[in-house]
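Chemist: Spelled out, the chains give:
Number of protein chains: 2
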Amino acid sequence: MTGKPLRLIPLGGLGEIGKNMMAVEYGENILIIDTGIMFPENDMLGIDYIIPDFRYLLDKRDKVRGIVVTHGHEDHTGAIHHVLREFPAPIFATPLTRGLLEVKLKRGGLLQDADLRTVQAGDQVQVGPFKIEFFHVSHSIPDAVGLGITTPAGLLVHTGDYKFDHTPVDGWPTDFAKLAEFGGRGVLALLADSTNADKPGWTPSEAVIDSALDEVFRTAKGRILVGTFASLISRMAQVARAAERHGRSMAFVGTSMVENAKMARKLGYLDVPDSLVVPIDHALRMPPSKVVLMCTGTQGEPSSILGRLSTGSNRMFDIKAGDTIVLSSHPIPGNEEMVHRTINRLFQRGAEVIYDAIAPVHVSGHASQEEMKLMLQLVRPQYLVPVHGELRHLKQHAAMAREIGLPAQNIAVVENGTVIEFRDGEMGIGERIPGGYVFVDGSGVGDVGPSVMREREALARDGFVAVHLHLNAKRGALRGEPEILSKGFVFTREAEDLFARARDLIRRVAAEAEDTQDLDQRLESDLRKFFYSETRRRPMVFVFVSSDGR
Amino acid sequence: MTGKPLRLIPLGGLGEIGKNMMAVEYGENILIIDTGIMFPENDMLGIDYIIPDFRYLLDKRDKVRGIVVTHGHEDHTGAIHHVLREFPAPIFATPLTRGLLEVKLKRGGLLQDADLRTVQAGDQVQVGPFKIEFFHVSHSIPDAVGLGITTPAGLLVHTGDYKFDHTPVDGWPTDFAKLAEFGGRGVLALLADSTNADKPGWTPSEAVIDSALDEVFRTAKGRILVGTFASLISRMAQVARAAERHGRSMAFVGTSMVENAKMARKLGYLDVPDSLVVPIDHALRMPPSKVVLMCTGTQGEPSSILGRLSTGSNRMFDIKAGDTIVLSSHPIPGNEEMVHRTINRLFQRGAEVIYDAIAPVHVSGHASQEEMKLMLQLVRPQYLVPVHGELRHLKQHAAMAREIGLPAQNIAVVENGTVIEFRDGEMGIGERIPGGYVFVDGSGVGDVGPSVMREREALARDGFVAVHLHLNAKRGALRGEPEILSKGFVFTREAEDLFARARDLIRRVAAEAEDTQDLDQRLESDLRKFFYSETRRRPMVFVFVSSDGR
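Taken in sequence, the protein lines are chains A and B. Following the working numbering, the numbering of the first sequence begins with 77 at its first residue and continues without gaps. Following the working numbering, the numbering of the second sequence begins with 77 at its first residue and continues without gaps.
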């Protein structure tokens with residue numbers, strides 16, 4: 077007897093597989109795991125952010141039984157309003173994750189439409205044919221969970237983002253016992269985080285940051301500014317404790333930082349006494365040695381607090397000599413240049429800057445190689461589906477699993493949009509469906525594709541020249557001077573001679589033209605050649621021709 | 077009695093200080109050290125490369141007595157033709173560096189104008205009042221030197237790019253004895269490489285790469301491709317030796333790789349038997365297990381060999397399942413995304429990819445912290461001027477020097493364009509002169525500045541819309557339809573409705589206009605608002621108005 081197949085579909089992630097969204101499908105039932113966004117890479121010009129391509133699910137709208145969000149980071153929550161608009165299914169999340177989702181949905185005016193349901197690690201809920209058991213994992217945000225999903229085809233274990241931290245900030249390590257219990261029950265497939273698959277050893281505990289912060293607080297004479305992500309609630313807690321130990325007051329700077337801290341405090345995930353927290357305007361009037369400010373901008377974003385401080389363009393306050401700035405984060409790949417530029421500029425302004433190359437003020441929230449092997453040993457799955465990581469990380473994860481003894485054919489390294497099917501306990505690779513990513517730019521979702529991107533690339537490289545000329549009724553003669561407008565090509569004020577010669581060329585070509593039918597195209601082609609031979613640049617060229625006669 | 081001041085001027089480097097060019101000035105005499113280029117950062121749109129801003133020297137042309145190039149890497153040689161055009165002074169370089177400069181000058185048609193003079197490590201030459209002693213340093217290219225410069229004000233030691241490798245590829249370690257001898261003589265100031273100032277310990281020897289390559293050659297069943305920089309002559313030698321040990325023939329792929337290998341072999345810096353090297357077309361016909369190909373493209377450049385192989389657009393050959401690709405390099409900061417994308421794509425095409433996170437197939441060519449301390453202890457300078465590195469590295473270098481016992485006031489952490497003066501044995505900070513960098517774009521040197529760059533940024537973000545309309549003699553009425561042209565803004569074929577409404581707006585505004593004087597500006601402003609409210613994007617908008625009447 078052949079049962080229905082159980083289908084796993086990694087749906088989103090920019091380069092990373094199954095990171096922002098996955099779907100589990102069995103017969104008429106679909107479960108969505110995570111709804112995240114990614115930030116554009118450097119050559120994705122003008123793009124605001126990127127969401128998973130979930131076209132495949134649109135035809136199956138009524139089959140979506142539920143949405144599970146594993147933790148509160150942007151790359152797992154950020155697309156919630158895009159997903160909710162299409163799939164009005166119940167959303168399951170732990171209290172902090174739910175709180176951060178609410179902040180997001182409220183901003184988008186969608187909170188009243190959302191069927192949010194709170195779960196706790198240890199709970200289990202039935203969603204269609206899926207029995208979901210939530211288990212705690214330690215990560216760089218509290219209240220993160222992994223999932224045990226009992227399906228008619230067998231038990232799936234999804235790790236979410238995790239590390240095996242024995243001394244986590246919230247004192248709540250990853251649930252080893254539950255993982256072992258799953259292992260004992262028999263696991264069909266493990267879907268496991270591969271982010272750090274090329275990092276040997278064991279990721280340091282968040283606890284090492286406490287010592288590094290103590291060292292900073294002990295030696296800093298002036299103000300301390302700690303930069304990190306607005307969703308790094310654990311880091312806020314660590315800074316608060318250091319502030320308490322060293323007698324400094326603490327202020328949060330920036331909207332998202334303030335909002336998230338408020339939500340985390342309200343829900344009890346950020347246990348900071350009221351006496352410790354002061355508003356920023358108050359903090360700025362206190363003696364420098366008595367305050368620590370928490371702000372965003374560790375990725376070198378020019379419009380963030382640290383970005384503005386580094387260029388002296390922050391409205392509320394400036395960097396002073398004697399300030400100590402801690403960048404408690406690691407540059408996201410692609411941001412290194414901007415981060416380093418920001419660090420150099422903060423040094424220039426007289427601050428002392430402490431970043432992860434200098435002191436352990438940040439550690440990864442993801443498991444390294446030995447932890448990934450431990451996960452495999454605890455869960456002892458029949459099949460492994462490496463997720464969360466680029467193809468190179470998945471390959472490395474697969475190599476480790478083979479070393480441990482999992483047969484190569486029991487490991488599925490796939491890309492987004494490749495369906496993995498389990499049928500009668502056997503894994504196979506199914507169809508290929510759309511599963512890439514979609515650009516969001518302004519209010520447009522998915523309308524910027526390769527052709528617009530190529531135009532932006534060309535404009536970014538060499539700019540454009542637009543020409544407007546007016547032909548007299550009499551053939552070949554121009555009325556007035558041709559207008560030339562250029563942007564991004566040459567510094568117009570110094571290029572007068574170049575444009576004067578371009579106008580000569582235009583007059584000559586117009587005068588020699590047999591007919592004015594294709595004059596615009598002929599001029600565009602001639603001007604392109606002219607500008608290239610003069611400047612070795614290739615601006616886009618456009619010509620508008622008016623004529624009295626026509 | 078106050079003597080003339082000795083002036084040190086770091087002149088170029090993108091973020092890095094004194095990297096691409098330095099000047100030493102004493103009275104009527106100037107010595108230039110290095111003539112390098114840098115590659116643009118991700119937000120320097122359309123820029124081909126970057127050269128030092130040496131405006132300061134242009135007024136002092138006749139005082140430039142000589143140019144010294146410390147080694148053959150691009151960031152020390154690449155601007156030679158820009159420098160040579162302004163300063164026809166003798167150029168001093170070791171044989172390999174000279175050979176690589178000749179390749180460059182020949183391509184630019186400038187070889188006959190260059191007064192190239194060969195020096196050997198151990199030589200000394202007198203250039204104006206400067207006695208220059210060249211001493212060997214180990215780096216990731218053979219024949220690199222540092223400089224001892226005896227000036228009327230005292231002895232300067234410039235390390236160039238260096239590491240203390242005890243087992244370098246060419247068997248020639250950095251000249252400890254000479255450094256110690258300088259130390260004994262008494263050194264006024266040490267100018268020392270700071271690149272790896274935030275790397276603890278000691279940079280691994282190039283020899284570790286031999287073992288990593290042996291492992292690759294032992295296990296690879298099919299072809300091996302090794303990617304690296306075209307100027308990494310030492311790496312070519314290491315691959316050649318591995319090929320010899322494992323019975324594979326070797327082919328060089330790509331113009332710069334072939335040219336540099338030829339030059340290095342001719343000069344004896346790449347000791348490879350003729351029998352080992354085969355042309356690429358020959359190699360492609362050999363059994364895969366019998367060849368290794370050396371190519372460029374480890375920085376993810378789309379037009380490089382590895383870049384083209386990763387997208388399946390290489391003309392001569394393709395990646396096959398079973399190929400092993402070794403990326404023997406480290407991503408230059410800013411290139412990480414492109415490098416990782418290339419690695420993922422090569423995996424996608426079925427290749428095995430070995431890169432530095434997986435195996436030690438690359439090591440840095442620069443000294444780490446313990447080596448930098450050793451340099452300080454050997455040379456025992458009175459003053460330290462950290463160079464070659466970003467401000468954050470120089471600060472870290474300074475911190476190490478203070479730990480060793482150098483007084484803080486004897487260390488000059490400065491930026492490009494800040495003059496350091498020695499007068500009567502005392503160091504002081506002098507004037508600030510132009511010392512940044514200059515963009516080279518096409519045939520233009522320095523004509524692309526902040527305003528053109530801002531235009532390119534705006535165009536890259538949201539593109540532009542150009543409108544052309546023709547007014548009838550009768551006020552307010554349009555002749556024909558307004559023409560709308562847009563690039564990089566929206567996908568035009570799907571935006572017909574948007575542009576139809578824009579045309580309605582144009583007709584309405586034109587009809588309501590009291591006079592046509594400022595119609596173009598009014599339309600531009602109204603269209604900007606319209607497009608923003610419709611799309612939340614801000615394209616540049618330009619309107620050309622023709623009219624019969626005018």
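These aren't lab readings, by the way, just hints derived from the structure by calculation. Hints are not guaranteed to be accurate.
Same chains, same label: a pair holds when it works inside one copy or across any pair of copies.
Here are the simulated DSBU-like pairs of lysine-lysine, each with C-alpha atoms no more than 30 Å apart in a straight line [unchecked claim]:
1. 297 x 338
2. 275 x 297
3. 182 x 449
4. 180 x 605
5. 449 x 275
6. 80 x 396
7. 449 x 297
8. 275 x 396
Chemist: The structure should be examined with respect to each hint, and the outcome stated for every one.
Modeler: Hint-by-hint comparison with the structure:
1. 297 x 338: within (29 Å within a copy, 59 Å between copies)
2. 275 x 297: between (36 Å within a copy, 26 Å between copies)
3. 182 x 449: Answer is neither: 41 Å inside a copy and 56 Å across each miss the 30 Å cutoff.
4. 180 x 605: between (51 Å within a copy, 27 Å between copies)
5. 449 x 275: both (12 Å within a copy, 29 Å between copies)
6. 80 x 396: Cα proximity of residue 80 and residue 396: none, with 66 Å in one copy and 37 Å across.
7. 449 x 297: Between copies, since 28 Å is at most 30 Å while 44 Å is not.
8. 275 x 396: Classified as between; 28 Å across copies, 38 Å inside a copy.
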